Amino acid sequence: MNITLEGIIIIVGNYGSGKTEVVINLAAHRKRAGADVRVADLDLINPYFRTREARQSLEEIGIEVVIPAKKYFYADLPILCPDVAGLIRKPSQLTLLDAGGNDAGVAVLAALADSLKVSQSRTIQVVNPYRPFTDTIQGCLKIRDEIEKVSKLSVTGVIGNANLLDETTADHILEGYEFIQALCQETDLLLAFITAPVDLIHQLDMNTISCPVLPIHRQLVPPWKSADKLI
Amino acid sequence: MGKKILMKGNEAIGEAAVRAGCLNYFAYPITPQSEVAEYLSRRIPEAGGVFLQAESEVAVSYMIFGAAGAGARVFTTSSSPGISLMSEGLSYITAAQCPAVFVNIMRGGPGLGGILPSQGDYFQATKGGGHGDYRLLVMAPASVQEAVEMVMIAFPLAEKYRNPVMILGDGLIGQMMEPVEFPDHLRTDPTDKNDWATTGMEFRKSDKPNIVKSLFLDPNALNENNLILKAKYDRMKAEDIHYESYNMEADYKVLIVSYGTMSRVCRTAVDNLKVNGFEVGLLRPKTLFPFPEKKIRDAAAKDSCQVVISIELSMGQMVEDVERCVQGRRPVKWYGECGGNIPTPETVMDVVTSLVGK
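Taken in sequence, the protein lines are chains C and F.
Each step along the first sequence adds one to the number in our numbering, with nothing skipped, and position 30 is 30.
Just add 231 to the spot in the second sequence (first one is 1) and you have our numbering.
This is chain F alone, in the form it adopts within the complex:
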């Protein structure tokens, strides 16, 4: 581990990508993630890489496609409306099985919305956004340090699955400052991509050129490609579900499912309620796709648990996945705000205690 320094989330995300060995960054500025570009405009040239501000987010997504298709480690960052514009490219990149990392520092929506924190892009990140049958591996950091670590492991994960990985943080993750260190052991070398990427014929073992494409006019070929993608998503579910349990060993009456910075407010509420003798469990998905389905199902089924609540900075998106996992065994509730204000620990305490009476 290196020396601790104080960094804003957006700066730390940029530095983490450089430390992870990614020297290609194409982006278009948008609040509240513009500091990534600001930071990397200085840092990437120093490190010998390429920083390019594109003319639009649509252009960014195809620059990412081009670089990833040619075998380079590449990433971009944006915020909600920008990710909407990149979604066509994301669908193409996924269909063509190219590894790349996308960071979404979410702001309030829909539309232009506002510039304050939100988790309103849960559906967009985990269920599509672009067209067709595709999935992103989605990780949601709850601290600046975790954002650093997730960015660093996102590149090898994207290469493992030959699929885009998205880091989904809310505006606060990008804007807040916390002490961080960059774990050197998470730095990885890019995988050999000569068997599929357009890296040049001199690297080829045969005379067969590599073709990176998303067009499959033959119905059987398209079905075959979709089966390959589905097999990858099933493998993600088997190998890369990550979550954090908090106070789950207690006989909790209420199980909170919450992610990102919202989960930190919930954590304070859980601590405060515990002092008052009211036990609450907190399950924080670190991967939103694949989702910790079995863990939530089992946690909800605990004898002491009377009710499950999804607390999120949206009008009820993750709650649909929680309901799917709980399978009707317990009532599933939702609480959230999505104008930009983050509920306080006191609000969460009131909401949670009102579910089972005091």
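Isolated chain C (complex conformation):
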């Protein structure tokens, strides 16, 4: 089952839900499938582990990454790059906007809300049920409500990103899948896809999963580990 997302997709979620890792891998995955992809780093609140860390790997495979100017790369300041407005006015086949965590992280989206509404964007929430505050359906919905209130956008879909990083097993993926299905059943949210570390894909019984699975080639790693090759 293929991931066919197109248009402007805004990726939101709570802190550490894995938005950036999902955005990087989704961008590369869709690019491999022939789509024209651009990515914007709208994470104005997180000091480490942002999309900008993977800029080089994305650009090497022909994905344009819109991030603040190099001189502001390490600034602990909420800088919104003016190029983002252009990106929204003239979107690529797939344009991914990687927002910051929680409601605080999406405050920037409210500033773009008018143009985003005109452009018919979709807002999708990344959920990792192994993270604090999103280990229950109520927790996920509370985060969703807070994000919607601040961003002035409606969340219409979810991405299941169940993982414990290096300690993830196939059971975690399947338990996470059941959790995300229950979340979708209780709401009108659409399940866009779930993720799985690329090494675990062959261990998953695909007959039990009725949605696309995005293989994750881990990019955001600490300095004593090497990132997976993106392609």
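Worth flagging that the hints you see were computed from the coordinates, not collected in a lab.
Accuracy of the hints is not assured; some may be wrong.
Cut-off 25 angstroms, straight-line C-alpha distance, at most; resulting in silico cross-link-like pairs (PhoX-like, lysine-lysine) [unchecked claim]:
| # | chain 1 | residue 1 | chain 2 | residue 2 |
| --- | --- | --- | --- | --- |
| 1 | C | K225 | F | K505 |
| 2 | F | K235 | C | K225 |
| 3 | F | K517 | C | K225 |
| 4 | F | K391 | F | K517 |
Since this is a predicted model, take the numbers as computed values, not measurements.
Fit chain F to the supplied structure of chain C, relying on the hints for placement.
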């Protein structure tokens, strides 16, 4: 042990304190540790505790003093410049023999420096920072799980010594995510503090009030207080030195001393070099004060060891303690960066092999 969850270091530090039975947290936000406050602003009220964002770090340190002096379990978190501002209070709290836990998620300095990881506060944490003859018991975690465990044991240790304990992590410890579990067996009940804290006269066995203070104008009384503090620091050296040895059973040519996340890079380098037939030992102090003096002295004296190197995210601070321990028996070198970049395993491999030739 509970269920494993994926947590950012800063969140895990906050949760560990709550699980350790600490329900008083006063703090002022600063990158890269603000998520502790963010997390606890939600979590501590849920647990029935008190979260207070102070007007400054100076104010935080005296809120900690007040609460600790009144017998409460209390802690704070900050990052380098914030700890500088708290240092006056730390000196007072230590002089008054109050238990409290301080967490420093270090960023690059001096001055405002930057927001990326650093270990530039080694001297500040282990040699003072504030004024006077005082020491903190300093623990340095190398993983999020170890940060959890160190925070949980920091409270009983602070109470054991009636002295502040500092958890010294670099920015990466605060910002990185790892799976963690919270060991229930590390939860402890606060010790009875009625014999010294200002807990109220109804708890007193005599009519003598408890006075918590750091002012001793009588020279003999001040000297006596300093002797009491010194005896505690000597006891820490006897009872609470902790470290990890890695590949130390091998006939290593080089001994690396490294702590915190930097030691994890070194560990990867040690593994890679071992594959190439180049043996390197790694000694990781888990307590920076008290420092594993004898262990380093003995490890350096091993026949195969030609050179000792301190690898740290500073311009050469821990290396002075390593030199002190080695006592001139082997050459002691230093390597480090402190702009925010963390050396890669490949860099460490090059540095280490260049010390003895290939």
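Going through the numbered hints above, which ones does this structure break? Give me the numbers in ascending order. No numbers; nothing is violated.
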